[in-house]
Amino acid sequence: MLRYVLIVILIIPSFYCMVLLLDKSFKPIFLNYAFAQSEDIKKTFGGYLPGYKAKDTTGDVLDPMSQVILLENAPIDPEKYLREFNYGRMSVDSNGTITREFTIIASDHQMKEISPGIYYNLWTFNGTSPGPTIRATEGDIVKIKFINNGSKFHTIHFHGIHQAKMDGVFEGIGPGGTYTYEFIAEPYGVFPYHCHIQPLEEHISHGLYGVYIVDPKSPREPADEMVMVMNGFDTDFDTENNFYAVNSIPYYYMHHPIQIKQDQLIRIYLVNMLEFDPINNFHLHANMYYLYRSGTMPNPDEYTDMVTMSQAERGILEFTYKFPGKYMFHAHKTEFAEKGWMGVFLVTEGDTDQFTDTNIIDQNINSSLSTNEKIQNQNLNQISMNTGVEN
Amino acid sequence: MEEYKKINKDKKRVNTFSFGKKIIFGLIPFIALTGMIIFLLSPTGHHLISSGISLPEITFEKIEFEDDIIVAYIRNTGPEEVTISQADVNDRIHAAAIEPSSILSRLSTAKVIIPFSWNPAEPYEIGITVDDGTRFSKIAEAAAPAPKPNIEKVSLFAIIGIYVGIIPVMIGMLWFPFIRRLKIGTYKFFLSITVGLLVFLGIEALLEANGISTTNLAEVLGGQMLIILITIISFILLSYIANKLINRSETNIKDNKKKKNFDSMKENTNEGEFIHKSTQERDRSSSPYLSTSDNTISSVIPTKDMLLKPLALSLMISVGIGLHNLGEGLAIGSAILLGEIALSTFLIIGFTIHNTTEGLAIVAPLSKGGKLRIRKLMIFGLIAGGPTIIGAWIGGFIYSPIATVIFLSIGAGAIFQVAYSIFTWLSGYSGHKNIFTDKSITLGFIVGMSIMYVTGLLL
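Protein chains in written order, with this note's numbering: chain E, 1 to 391; chain H, 1 to 459.
Just so you know, the hints here were simulated from the structure itself, not pulled from any lab data. Treat each hint with caution, since some may be false.
[Stated by the list, open to error] When the alpha-carbon atoms are kept at most 30 Å apart in a straight line, the in silico DSSO-like pairs for lysine-lysine are as follows:
1. E:Lys152 to E:Lys322
2. H:Lys153 to H:Lys183
3. H:Lys439 to E:Lys53
4. H:Lys138 to E:Lys53
5. E:Lys333 to E:Lys322
6. E:Lys80 to E:Lys42
7. E:Lys80 to E:Lys333
8. E:Lys42 to H:Lys138
9. E:Lys53 to H:Lys376
10. E:Lys261 to E:Lys333
11. E:Lys333 to E:Lys143
12. H:Lys244 to H:Lys138
13. E:Lys217 to E:Lys143
14. H:Lys153 to H:Lys111
15. E:Lys80 to E:Lys261
16. H:Lys138 to E:Lys43
17. H:Lys439 to H:Lys183
18. H:Lys376 to H:Lys183
19. E:Lys322 to E:Lys43
20. E:Lys145 to E:Lys165
21. E:Lys42 to E:Lys55
22. E:Lys80 to E:Lys165
23. E:Lys55 to H:Lys183
24. E:Lys261 to E:Lys165
25. H:Lys138 to H:Lys153
26. H:Lys153 to E:Lys55
27. E:Lys333 to H:Lys439
28. E:Lys326 to E:Lys53
29. E:Lys42 to E:Lys53
30. H:Lys439 to E:Lys55
31. H:Lys439 to E:Lys42
32. E:Lys43 to E:Lys55
33. E:Lys43 to H:Lys111
[Unchecked claim] Pair by pair, the computed Cβ-Cβ distance ranges are:
34. E:Lys43 to H:Asp68: 14 to 22 Å
35. H:Arg92 to E:Gln262: 45 to 53 Å
36. H:Pro43 to E:Gly51: 48 to 56 Å
37. H:Phe30 to E:Gly177: 52 to 60 Å
38. E:Arg83 to H:Pro79: 39 to 47 Å
39. H:Arg92 to E:Glu186: 23 to 31 Å
40. E:Glu201 to H:Ile53: 16 to 24 Å
Since the structure is predicted, the reported quantities are computational estimates derived from the model, not experimental observations. Cβ atoms here follow ideal geometry from the backbone N, Cα and C, with glycine treated the same way.
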């Protein structure tokens, strides 16, 4: 009997050893202590959020939110894209009409690092997603030479008013093909452009979109202008986005705050190109903005800190910061925020730059009165517009 | 003659040369195989055979909740090396660290540490995203702090083990005097109840192991095949050991026969304490040596095999159930650890009732064997119930799914071996080759299985 028990007792440790060989994480407690003091260099992670202590690790840190990591092969330079507007090659004819020529090349086979360590086959216009921001003035002739450098059919479908054959829907451009889209920039406002080949969902979610701005003939007030495209990426193709961002790179503006000046008028051309999720939104901290839906009307629709948009909805946001400091902006769909769609404005004191018009600032700071006035004006304006259309 | 010599010489040469050559000839296939593998791993070979896209695969083996930290143990179970890029809790990206490295070679493991102030008893889904954007996740049903092995926790697990393992088995053993008095038909019925219980326990262990291997073990580790392998090994090995044990005791008894006969009176008074205390005179009749009645158990002419086997059989049952209870303890310990069950009085009661039947299983064969000391019964009870405590400790403090699967499979093999032994033993009684031609055995088996199912519903 004793021998029997002994044999059983011996079998158990031998299986235990087998387990140890198979499973490194299955470590007896006393071994844990033996291995705890490693000579590896310790790195600190976490701790930047209130309530979370910084921790040390001998391994690697995975932290896209606070770690400033230079992406090897980013889909875009968000710093550059933010304030970059392309006016095209300009030519003026005898009548004084301006023609703006652009070239846009589509591609669908570039592996880009869309978030630290995450690679995704991004489809791009001119090598970036979002594509270049195209800007013209109302009445200009816009000519876009489209070259399809991809392996699938692609087009560019511009929002705005134009002829049917310039709509980029039925004239699919095959691999290696070219097409010239030509139309008069109208009306003024902010518009998306995107590929319109089916499956539309695939072509849009892979990154084939950009922003097209038409300025009114009488220019808007000078301001520090920027473009923000709210987007996301479904990296595992389950028709749910894994990453959300403004201007493609999750958390980018968290560790690279957007530098703005106190009392400076800020104008954001905001476009929602998020696929799969029905809505997206933009919330600004410690401030309110004038919202011009689609940017097609002279007066704002709302004075708010929160706008919700479905896909291809867009607007112009105007605001100034009264106090210096760090202010967040993010989707107030917290899921999107916590998957990358958040950023920070760093408001600094000092001279407002060349855009500033003191009158405009005064107008904006006298908030409540001017708001009511503006909305009233807008209502009146809408009525007049409606009658205009009818006539 | 010369020719014959020559042939002999040749033969000799072959024999003398053969040692060195043997090694060489033995090694040639290995060398060829190594060469082939090297070629296949080289860029040229790799290019030739690899086609298609290999998808990454990550398995979560364990999730632990510590003070303001969630720790996930992951394993790269895909075909290629993979880089872990980001971690999330409930599908929301969080800062994390991965040890030892974010690059996981095939089958290697890593520990993902996510600072997160979790709430007890709430479910959390832990996810990681690899470099190609694929996300893998696993849900912990209810967050509970990982038990640290302090005296309080060790004793808590020990108490749980005693309640769930030892006490019920001891209670079940109290059926001993009852079973002793049974007629042969009823006795067979009860013994086959035991078989039913054991078969049920064995299947239960296999299902449990299968559940763990499918949810916590990667396909690449072949969890299900591992269960079958270990169960069969356990069955065969224990059968072998049991036969050795029985053979040895047979020879021992042969040697001691004279001595035993000489001391038989003494033994009856001293070693048969239990019988005297509990059953007194009436029970004398059930002793296989003394009985003449046709209806009692002892009416069957006691062969040598039958006299020797009961004790060995009971011990085997104890060990089998002990191994099973080790698995059960592991399951309880790890369930508490993984936050999958809340430890409630009701659960303990359920286990207690369920396990009482195990005590019955141990004493059933003994009741035929005559002399028995209460100390022996206690030892059997400890062998059967004690491992629950050890299992709870292992499961609670150093949980490993693969260890649990292995232990459960050993337990299943042991249980099946015991069931098989009792069945063969019973067939000696029934005199039939096919045991299910016996009414009481058939009925007992069905009842045994059903009892386990019904008491199992309490869990």
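These are the hints, each one checked on the structure:
1. E:Lys152 to E:Lys322: Between E:Lys152 and E:Lys322 the Cα gap is close to 50 Å, so the pair fails against 30 Å, i.e. violated.
2. H:Lys153 to H:Lys183: 47 Å, violated
3. H:Lys439 to E:Lys53: Given pair H:Lys439, E:Lys53 is violated - Cα atoms ~70 Å apart, limit 30 Å.
4. H:Lys138 to E:Lys53: 25 Å, holds
5. E:Lys333 to E:Lys322: With a Cα-Cα distance of about 26 Å, the restraint between E:Lys333 and E:Lys322 holds, given a limit of 30 Å.
6. E:Lys80 to E:Lys42: 34 Å, violated
7. E:Lys80 to E:Lys333: 27 Å, holds
8. E:Lys42 to H:Lys138: Given that 30 Å is the threshold and the Cα spacing comes to 28 Å, the pair holds.
9. E:Lys53 to H:Lys376: 57 Å, violated
10. E:Lys261 to E:Lys333: Satisfied, since the Cα-Cα distance of roughly 28 Å is no more than 30 Å.
11. E:Lys333 to E:Lys143: This hinted pair is violated, its Cα atoms lying about 38 Å apart.
12. H:Lys244 to H:Lys138: The given pair, whose Cα atoms are some 47 Å apart, is violated under the 30 Å limit.
13. E:Lys217 to E:Lys143: Since the Cα atoms of E:Lys217 and E:Lys143 sit roughly 19 Å apart, the hinted pair holds (cutoff 30 Å).
14. H:Lys153 to H:Lys111: 24 Å, holds
15. E:Lys80 to E:Lys261: Given that 30 Å is the threshold and the Cα spacing comes to 18 Å, the pair holds.
16. H:Lys138 to E:Lys43: 27 Å, holds
17. H:Lys439 to H:Lys183: 14 Å, holds
18. H:Lys376 to H:Lys183: Distance of about 24 Å is within 30 Å: holds.
19. E:Lys322 to E:Lys43: 39 Å, violated
20. E:Lys145 to E:Lys165: 14 Å, holds
21. E:Lys42 to E:Lys55: 10 Å, holds
22. E:Lys80 to E:Lys165: Measuring from Cα to Cα gives roughly 33 Å; hence the hint is violated.
23. E:Lys55 to H:Lys183: 70 Å, violated
24. E:Lys261 to E:Lys165: 45 Å, violated
25. H:Lys138 to H:Lys153: Roughly 27 Å separates the two Cα atoms, so the pair holds.
26. H:Lys153 to E:Lys55: 27 Å, holds
27. E:Lys333 to H:Lys439: 69 Å, violated
28. E:Lys326 to E:Lys53: Holds: E:Lys326 and E:Lys53 sit about 22 Å apart, inside 30 Å.
29. E:Lys42 to E:Lys53: 15 Å, holds
30. H:Lys439 to E:Lys55: 68 Å, violated
31. H:Lys439 to E:Lys42: Violated, because 72 Å separates the two Cα atoms, which is more than 30 Å.
32. E:Lys43 to E:Lys55: Holds, at roughly 8 Å.
33. E:Lys43 to H:Lys111: 15 Å, holds
34. E:Lys43 to H:Asp68: 14 to 22 Å: 18 Å, holds
35. H:Arg92 to E:Gln262: 45 to 53 Å: 33 Å, violated
36. H:Pro43 to E:Gly51: 48 to 56 Å: Holds, at about 51 Å.
37. H:Phe30 to E:Gly177: 52 to 60 Å: With a Cβ separation near 58 Å, H:Phe30 and E:Gly177 satisfy 52 to 60 Å, so the hint holds.
38. E:Arg83 to H:Pro79: 39 to 47 Å: The hint (39 to 47 Å, Cβ to Cβ) holds, given that E:Arg83 and H:Pro79 are roughly 45 Å apart.
39. H:Arg92 to E:Glu186: 23 to 31 Å: 43 Å, violated
40. E:Glu201 to H:Ile53: 16 to 24 Å: 22 Å, holds
Taken one by one, the earlier hints fail for this structure at numbers 1, 2, 3, 6, 9, 11, 12, 19, 22, 23, 24, 27, 30, 31, 35, 39, listed in ascending order.
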